[in-house]
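Colleague: Required output: the full structure, derived from the provided sequences and hints.
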Amino acid sequence: MRKRYSLALIVILVVALALSAGFSHQSKAKAQDEFVFGLILVGPHDDNGWSEAHYNGGLYVEQHVEGAKMVWIDKVNPADSPELTMDLVVEDLVSQGAKLIIATSDDFKADITAVAPNYPDITFLHVSGDGVWSGEAPDNMGNLFGQMQYGKAIAGCAAALKTETGKIAYLGPLVNDETRLFANSAYLGAKYCYENYRGMDPATLQFTVNWIGFWFNIPGVTLDPTEVANAFFNDGNDVVLSGIDTTEATVVAGQRSAEGERVFSLGYDYVDTCTEAPSVCLGVPYYNWGPSYVTEVTAVKDGTWTRSFDWLEPDWTDINNPDTSIVGFAKGEALSEEESATLDTFIAALGAGAKGEEGGINLFTGPINYQDGSTYLADGEAATPEQIWYMPQLLESMIGESTAESQ
Amino acid sequence: MRLEIREISKNFGPLKANDHISFTFEGGHIYAILGENGAGKSTLMKILSGYQAASSGQIVIDGKPVQINSPHHAIAHGIGMLYQDPLDFAPLTVLENYIEGKPFSFFMHRRDAEADLMARCKVLGFSLNPNAMVESLTVGERQQLEIVRLLSLGVGILILDEPTTGISAEQKSQLFQTLKNLAQEQNMTVILVSHKLADVEELCDEVLVLRRGKLVGHRLLPCETEIMVQMMFGKRLSQTSSQPLYTEKPVLKIHKLTVPARLFTIQNINLQVREGEVIGLAGLDGSGQVQFMRAIAGLGRPTWADQLTAIFALVGLWWVFGKVLDESSAVLNLAHIAILILVLGPLLKSLYPFIRQRSKQAEATEIILHGQSIGWRGYRDLLGRGVAYLAAGRLEEGLVAGLTLVDHAALANRSSLPYVNWLQAWRRTKGAITNFAIKGRPFSQIQTLSGGNQQRVSLSLLPDNLSLILLENPTRGLDVESAGHIWSLLLKRREQGTAIIFSSPDLDEVIDYSDRILVFSSGQTTLVENPEQMTTARLGELIGGKS
Amino acid sequence: MTAFRKFLIQTSSRTALGFFPLLVGTLVALGVIVLILNHEHVEPRAVYDLIYERTLSLPENRANVVDFWLPILLCCCGLLLTFTAGLWNIGIEGQITMGAVGATSIALFVKLPHNQQILTELFMAGAAGGAWALFTGIMRTRGGVNEIFGGVAMNFLASNFSTYLLVGPWSPPNATGSATVRFPDYSLLPSMDKYRLSPITIYITLTAFIFVLLTLSGSRWGLQLRAMGKNQKSAQMLGVPTERNIWLAMLMCGIMAGLAGGHLVLFRRSNLPANVSGGIGFLSLLVVLLASVRVRWVPIVSFAFALLYSAGLPLRTRLQLDSSLVGIFLGILVFCVLIFDGVRQRLQERIEQRKLLAASGGEKSPPPPTIEIQIGEEVSSGSSSN
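Chains as they are written, first to last, in our numbering: chain X, 1 to 407; chain B, 408 to 954; chain F, 955 to 1340.
Calculated lysine-lysine pairs in the DSBU-like style (CA-CA distance at most 35 angstroms, straight line): (1) B:Lys656 / F:Lys1187; (2) F:Lys1148 / X:Lys75; (3) B:Lys423 / F:Lys1184; (4) B:Lys663 / F:Lys1187; (5) B:Lys837 / F:Lys1184; (6) F:Lys1184 / B:Lys846; (7) F:Lys1148 / X:Lys301; (8) B:Lys603 / F:Lys1184.
Since the hints were derived computationally from the structure, they do not count as laboratory data.
Just so we're clear, the structure is a prediction, and the values are computed from it rather than from any experiment.
Modeller: Here you go:
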């Protein structure tokens, strides 16, 4: 009986395969001038955050580069797709004709670095990585990132303008160079505005960082961001800056505001984050990947691409220009007109500083010390891009862990 | 009520389980339906009680022809059936079981139902605790509950299928008294299905005999036993005689054994068993006979290794979970605690009997087999030392449903070879089929055999040269012929010096085959040295606590 | 008796019935899947196309499927042993995880000559998985903790332990805590030249499969496991060392699961990621269930599963199907086949009952005796149908 049964199974399988083989011979004719690029997303493509910003960037390329076609896969992370490996994903995208593959997570660094050499004809772009600088990246892999430290500084400034308790909190994801930088620049922005626009003593500003352990909440693995945000407000912080991919900080602030508390929040990553609770949202520093993707895709298509770490500044003439600026700041409803004007002044000054113009601000100018008191920048010293990217600690007088060891 | 069956037939394919049976049962009488296994008794009863439909024929109750399509229907028409082994019970209390199945039960208040139940019990002389769980009741008590329940549903015809299997002598006499009262005072029709002639003679007014699906005899009682046997089997049966074969050499010594049983804890059992001796255990159902035998065989009592490992596991888990509990968030801890309870709960439960045993000065206890203490050894170990145990539930503990006879032979054969010698197993099975008169083929699955044949297979699987065989109710559910054969096989074993300890609710069986009888009564044991001078009545008194 | 029933009995050679659950179950499942696809506005034909093209059309793709198949088959081999013995080894996920952790502990921190390195890694993988399973087995026999609860608890502990390692001691600097660094090349299982396949894993899986096949088809131990699976109490009464067998079966299963976990980290991933088992254990449980614990079906069913699972990626990237959909499809398939297998069993039982009755009543019975007493020559018939 068993024999017959397994025989039956084989017969069915063979028939099914034969049928499918019959269908499979209609290969899709490709347009001559088609250019396919692949996008690997770590989260869902509609997550209202990091991954959706990238996805929209891809759509922008399809609209603005003739013949460009995006192939993409989302949720490439161990929790959602444990069966996937970077080899398989890249192989699949390449088999669809992708000539450029954009890996959009810090998490992909090791895997994409290992896979890229197997496809010398394909160009790889790792977003939020430093492979080119550290020398790990193979010849066909570049890095791209936005200078979000400006966005974070603007967010920090907005928080400093709004706070009455003098206590600001930063809801951090996991700890690494990138996230430390963002927390630090938020602090620097807050400190500057607190001192210069509100005329307060910067020593009375309390800036707390707490890391949940990952980019988003994983029950049982990370701290619960909702709990952390609540704890921040319980401790007397009245503004919370979100550094994570999801919107818990804004949601919690909205709830507590509805109960009559004077609390505010700032989002991150995605331009529309404020819609979760508009009345408490001071704004959101966001990414706009479209223009930079267009540049990269065009370069690869035209054969002019070279390996580099493109760490792009916002377009200082209008940081919110969707066709030019990689980093923007969307103001929230909770910002008063006066504060909004002050913020514009700050942004203009930042822009001037970045261009080296007179009267501009460079926040990364000494003297600045690390948390443990050691010197980061001597008096009058301006940081190089490498010094900005690689900061081993939080800055002096910030409260919070500099490394992940406690976790 | 008057129940008339006309030309009832039931066919399973070409097999005629019931073949044109016609009879009239009058109210106020107690009928017995006799027949060996497979004669068609059960089929007839299933048709009457609505579990099966007849292929043809008619059922008439009080002059009206009725259609019985389901057990519900049957009860509505006044026919209630009491099963041999009412084992399938939901986890309900006595009272819930009583209420369940009543029409409009949700309008009935628990208190009223309880009063009703108690009143009915009082009339019948039963004592049931309405709040006890049904599964904790003895078979006899379950029967009582079922009878009360059926009566409360207005049943006028009561069918009992082997009601005396598995209940004590006292419960039996009470049951019979109740049935007689019901017939005489309430004009009930009582139908007893049995193959125990003694029961039939004691209780019934008339007897019907079925053989091969046909009604082959109808007699008014009393009538000679021999005639009934002839009607049933068509031949005479000779009583197996039992000659004592024991020597003075002791096989087993039990000193100060304490056994927890369902009703009482039996303290300080002392017993010496000699080579070739047969010891019968008598007592009310659940008085500790089974637990006593299991304790000897190393079943269901804790051994050292068990408990030591459990303690290690406990400590280890405690440590691991302690670590985990220390360092995570509150939500996670809830999950941890849930698992902790799930894992540690059963663990602690398994430790409990061990602690209890330790606390009752179990050190004084000694079980000695051939001069060696076996108090902490398990069954498998003891099986190697010549102690075998046959449980009452053959397909539950003993034989593996789904395996063939040959499989069983291969399993029971001890060998260190990694593969199975199927040829040898097949030969052994063939031999067993011949020697033990098993009706079955070597490759039949064991559950397709009848109860008697299963018991014969169990016996055939026992290793040779055993020192001691322990048997729970060895002839449970067997007809007279099978029981006799089983006993002849067992008694043959004595020739090799094997001692036998068995329990049985059938006092005649205990008296007939035992060299000595150990009586269990209210937590005490009494040893009867000379059973040949015993009568059932006297033994019943001993069980009941009269010395 | 209706004509249909007659037909059933006449054609009730088990073959016809054997076809039934698979055929009907698969058809019903396909129907449901087509409905879902229609709802998602995807043409079923395109799905067929794609599955074939991306899994079987090219040697590289076939190699991918096989690479996915091997660890599943290895886990299935272990599960066959425990399932036969009536042990529901739900803890297999944790055993895979621990196997991966064990292999990683050597791969990252020990450097030996290549052969010894690989051997030590695989040994640790098997040992860690085996220990994890054995502990569940000990809890079952000694502690009275059902292996299902024990397994769930051990899964939980294993996944917490590996997470702890990933965010703690084994976390690479500046990383997100979702994986360790990539292993050095000397720690990785060698690959075939042409295809990405590990010969060592192929040998291990083949050995395991043959071992299980032999064990369950002809060995004394296999027979004992079978008896225990059907009725453990009875097996014990027949003299089977049930406790030892439970430990052994769990240990074997744990070793195989651990080796599968080792393959995942030492070959497929080249690092230890979070959630390394990734549901392979549960997938194997489904395979063994679907194959009704029959050794010979397991490779085929598991291959079909591996095929469908490897088709998940192209379905996602080309047809933009949701990542959970493939899992749902598999679930529907298993569900349907199991339902119809239940129906088959009931049908078969009925038919066999009928046959049995027919056989026992087949020979002519002697003329019926009259109501009068007959002192006959006939003993009883052997029928036990009552």
